[in-house]
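Engineer: Throw the hints in and build the complete structure from the sequences for me.
Here the sequence shown is numbered in the numbering used here, starting from 306 and rising by one per residue.
If you're looking for bench data, these hints aren't it; they were derived computationally from the structure. Honestly, I wouldn't trust all of these hints.
Cβ-Cβ distance ranges computed for the label pairs, FRET-style [to be verified]:
#: 1; residue 1: Gly612; residue 2: Tyr797; range: 35 to 45 Å
#: 2; residue 1: Leu701; residue 2: Leu572; range: 17 to 27 Å
#: 3; residue 1: Val832; residue 2: Thr649; range: 37 to 47 Å
#: 4; residue 1: Arg482; residue 2: Pro536; range: 34 to 44 Å
#: 5; residue 1: Pro536; residue 2: Leu694; range: 35 to 45 Å
#: 6; residue 1: Asp466; residue 2: Leu681; range: 54 to 64 Å
#: 7; residue 1: Pro536; residue 2: Asp600; range: 21 to 31 Å
#: 8; residue 1: Leu572; residue 2: Asp788; range: 46 to 56 Å
#: 9; residue 1: Asp466; residue 2: Ile682; range: 42 to 52 Å
#: 10; residue 1: Leu858; residue 2: Glu723; range: 41 to 51 Å
Just so we're clear, the structure is a prediction, and the values are computed from it rather than from any experiment. For every residue, glycine included, the Cβ atom is placed at its ideal position computed from N, Cα and C.
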Amino acid sequence: MRAPAPPDDGGRRYFREMSSLPEPRPPGLDGGPGGQDSRRFVVVLALSMGLMVVMQSFAPPPKKKAPPADKPAVTAPVAPAAAAAPGEAAPATPEDAPAPEHVLELGGKVVRLGVSTHGGRVVRAELDGFKESRGADAVPAKARRHVDVAGDRGALALAFDGLAAGASYRAVEADGRHAVLERDGGGWHVTRKFAVMEDEHGLRTDTVVRNTGAAARSFTPALEFTARIHPSEHSGGGFLSAGVPTDQTGFLCQTAETLHREIAVSLKEPKAMAGSVKWAGIDRQYFIAAAAFRDNPPSDCRAEVKGDQAQLRISWPAVELGPGAEWKAGADAYFGPKHESLLTKVNPVLGDAIDYGWFGALVRLLLKLLLWFYELIPNYGIAIMLLTLSVKLATLPLTQRTFVSQQRMKSLAPKIKELQAKYAHDRAMQGQKMMDLYKQENASPFDGCFPMLVQMPIWIALYRTLYTAVELYQQPFISGWMDDLTQKDPFYITPVALGAVMLVQAWLTPVPPDQPQMKYMQYGMPVFFTTIMLALPAGLTVYMLTNTVLTILQQLYIKRRFGTPDTPAPATGSA
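Structural biologist: Here you go:
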């Protein structure tokens, strides 16, 4: 009997059930009084564009042109699950006359597994607590079906010369937790055993092939993972496109040398990945179907795309069996969310399936903080705001010094003009005197770059967290508005609000009269960030909006504490 699905608070409650920059150059050397700010303008602009390029690198490469979608295959009705009694004999079924298909139901509490007698493969792995998001724009939220990790084609099909991946088996045991399938034909006896692990995401499999002929024979066994490529995947992705990177189907194959990752729609021709295979599978953004090999590891993987079908074939070396001899292989399969504790519980090597990117350690830290804040207040939008406050407090000493230095730079404008006029014909002396002035007043013309340098790794890491952490998948902030923090703000409220508060921040930082070119930076950045945030995850926009508001409050305090450009600041002191 099917157990009720976990409540739609999503990942957190669900997982609770499942697992316990050199010294500044003297200004003015470029031939004008505003030279230092021209360099500063270039530096900050380069940093901004660098941020854009780096973040773009986290997105799968776009596909310029989508091939026409194949017509959906018409599947014949599947007969109800049926199992023969243990030990019951059944005649071998010829390959050209397959028996009716039966799907054996396994698990059911958190994952509903279906093992087909055609190919002895997993044809269904439906997850409770998650709704399918691919193609979500065309399907109302209430009508979306559960995520099926096994895809539309199935997984773990055994194949070799003389045995098709869809060959018929007979069920000799099926009790909801275990299933045994057997097949006789072509001089081979094949036995496939499936056992659901305690948390249901894991499926222990054992395969035995026995030579029933009178002579020695050779064969090359292989397991196949297949999945349908969704039409939305061909639209590509990236944060300047119409949406966040799409939920891409990918191939994963961990050999002794490296972990191979391939996006299906980017694969132009079959790719072989040789080496002792530790584990392999079909990957999605937040979910995975994979198998880790306990013993007798395969020797290579081969990824291929045929139409709308992604196929991963995991092969062993050729085997020769004498009469009555057997070949055995065992694997721990996983069907579920890419949650580290669940993956490693099935097999430790599966934890490598989660790609945290370049800032992996920082991503893990941010995720732990988010989960901790979520425990206090069960809303990930509020958790992100609390995370922003925590980061702000942690970086306060650096940013405080930076903003104080900026405020002092404003008060030094008259003295700078005097030095520029006095040493107009001696650029070297002019620069030296300015540097002496900056040192005396504890100020630097380059301090304006530091806040951005501090925040860039946080932005990138949080973006990666939202892109990889299934705990945040489909988590709402405000129902009816932000129903999924991993997707863009559907009404673009937060990106526009971010641009507005950044304009306020620019207004609070007046442009010095001798540096009019800085206006392009101060008033251009809000437009730039608003544009790129239109298509980035709402959770990242919430972070940046909160951080900008907190920065404005900090600037107002420093402005009041240390005076305005018209009020000379003290020569010493710190915040």
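Engineer: So, for every hint listed, does it hold in this structure?
Structural biologist: Hint check:
A hinted range of 35 to 45 Å for the beta carbons of glycine 612 and tyrosine 797 is consistent with their spacing of about 36 Å. The supplied range of 17 to 27 Å is broken by leucine 701 and leucine 572, whose beta-carbon atoms lie about 48 Å from each other. The beta-carbon spacing between valine 832 and threonine 649, approximately 45 Å, falls within the hinted interval of 37 to 47 Å. The supplied range of 34 to 44 Å is met by arginine 482 and proline 536, whose beta-carbon atoms lie about 37 Å from each other.
Between proline 536 and leucine 694 the C-beta distance comes to about 41 Å, which sits within the given range of 35 to 45 Å. Distance hint check: the CB atoms of aspartate 466 and leucine 681 are about 59 Å apart, consistent with the given range 54 to 64 Å. Judged by the Cβ atoms, the range 21 to 31 Å given for proline 536 and aspartate 600 is violated: they are separated by roughly 40 Å. Between leucine 572 and aspartate 788 the CB atoms are about 33 Å apart, so this pair departs from the stated range of 46 to 56 Å.
For the pair aspartate 466 and isoleucine 682, the supplied restraint of 42 to 52 Å is violated, since their beta-carbon distance comes to about 59 Å. Checked against the hint of 41 to 51 Å, the C-beta distance between leucine 858 and glutamate 723 comes to roughly 34 Å, which is inconsistent with it.
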